[in-house]
Amino acid sequence: MAKATREAYGEALEKMGGLCSNIVVLDADLSKSTKTCVFAKSYPERFFNVGIAEQNLAGVAAGLAAAGKIPFISTFAMFASGRAYEQIRNSICYPKLNVKIAATHAGLTVGEDGASHQSIEDISLMRSIPNMTVLVPADGTETCQAIQFAAEYDGPVYIRLGRMAVPDLFTEEYRFEHGKAVCLVEGTDATIVATGIMVHIAKEAAEKLQAKGFSVRVLNIHTIKPIDKDAIVKAAEQTGAIVTCEEHSIIGGLSSAVAEVLVENFPVPMERVGVRDTFGESGIPKELLKKYGLTVDDVVLAVKKVIARKA
Amino acid sequence: MNIELINSLTETTLNIRKNIIRMITQAQSGHPGGSLSAVEILTYLYFQEMNIDPSNSKNPKRDRFVLSKGHAAPVLYATLAERGFFSADELLTLRKINSRLQGHPDMKGIPGVDMSTGSLGQGLSAAAGMALAGKIDGSDYRVFALLGDGELEEGQIWEAGMFAAHYKLNNLTIFIDFNGLQIDGSISEVLSPLPIPEKWRAFGWNVLEIDGHDLEGIHCAVQSAKGVLDKPTAIIATTIKGKCIRKMENAAEWHGKAPSISECEEFLFELSRGGL
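Chains as they are written, first to last, in the working numbering: chain E, 12 to 322; chain U, 4 to 279.
Some hints could be false.
In silico BS3-like links for lysine-lysine, alpha-carbon gap of 30 Å or less [stated by the list, open to error]:
#1 U:Lys111 / E:Lys191
#2 U:Lys64 / U:Lys171
#3 U:Lys171 / E:Lys107
In case anyone wonders, no lab produced these hints; they're calculated from the structure.
Just so it is clear, the structure is predicted and the values come from calculations on it, not from any experiment.
Full structure from sequences and hints, please.
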């Protein structure tokens, strides 16, 4: 089975809406794309379209939270983290208001819309704000549990979701633990630290490498902030080399977060798979991932390179 | 309002003005001009209109006030202290290290502050969100906000303006502190937001125009807004920046300048004679 994390978000939000009457949902004219339309259909009295006005989207959510509501706000990651950045910083995070920003269509795999809509900076922007929690689920099951966590947690949460369908990684038994990395594959030669849609690509790369005689660990980082320092340091100590994988700029995102942990605790050789300080372009997701170096083969190459640097 | 009440409120405005001057002088930074222009509006709201209780400042059923022009924090702090939310002694810690009285209002820090503000253009959206929450809950609290006239240059204000009218937030009443000045000069020279009443009417709001230093006029406008069932209300309050201190009145240079110690004494003396 494959499902886009935005689809899982829509279903989870509708489910949480039934469990918690304090949840209200706001969208900025993209509810059919962000999938908040599912909630809107079941709970029209708790759904508010703010129109094409993302700054007000964030600000109204702050006011709703200040009055005791649990607002989930959705639009594309580009406009949530970019257009409304300062509203998120000053109106939501500074007073630590209980707003959940579920941003869809993150990364290059937005596809045909092109660079203007491909958010490759949002993890960087959001994780640098004090009081913010940043989640990037890797599949539908994890998304569902991340949304449940976000609804129950008191404080601002940014949840990064994708447009494209991704393969299932987890079964119903999976339990999301906030701030805890998930080890998907054990290994000793190197560790791939991945997030979001790159997790299944990292897993495939590890399997490919195993066939060639390399033992490679795969860590799924669903919580970018607060990041699981222990799991990263342990991976560095036990495998001696790290490769990060993200559908995001190599500046400021997962790779930076991991590098920050390593340089302060246990520096080891590291390679980064991500968008290399460039804008994307129009194309189908598969072509974009290939052109911008985010395929299984790119990860395999990076792992071989980092192992060669271990010396 | 009867004359005794107006006299009593007027006395409160003088105390608040004195404390604004004292605290900004002590801090040697802050925004006196736009604080002094809004004293009557805050005095009326906090001492006459709003359903609030300093001993239960988080009561979910309370009325709310959002200082969208957050740089006028001194008038908010001085009013809250006068109303008993915290001791007036604390006002002298304004803008100092470890103080709860940040340069711009921090709702986490001080009892009675309903929203953190300071970055212009953001407070109205938050006030609209609070008003919407009241509608969802069927609660009858009212939400007030104070905006600067220069603040109307921010695009987000008009996003929020459309939103509040669309959702018929008649429990939301805003004041626009129309003192005509912003940091770089007169609002009509810097980037004119004029005509202000016509803009809000075009955005679907109930619009009232008053003298923002006339307590009776403020009273009538606020009460009249309560009778409007399908629109939010914008009260355009014509005010004098630096009101009651001759040197400061209508002087853009007093937007963000602190008085010296000797000026402070001079201004307090002027106020003790009852203002202008």
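### Task
For the pair supplied as a hint, Lys111 (chain U) and Lys191 (chain E), confirm whether the alpha-carbon distance does not exceed 30 Å.
holds, 29 Å
### Message
Checking one constraint from the list: CA of Lys64 (chain U) to CA of Lys171 (chain U), max 30 Å. Satisfied?
### Response
holds, 20 Å
### Message
Given the hinted pair Lys171 (chain U) and Lys107 (chain E), is their Cα-Cα distance within 30 Å?
### Response
Judged against 30 Å, a Cα distance of about 28 Å means the pair holds.
Going through the hint list in order, the structure satisfies each hint without exception.
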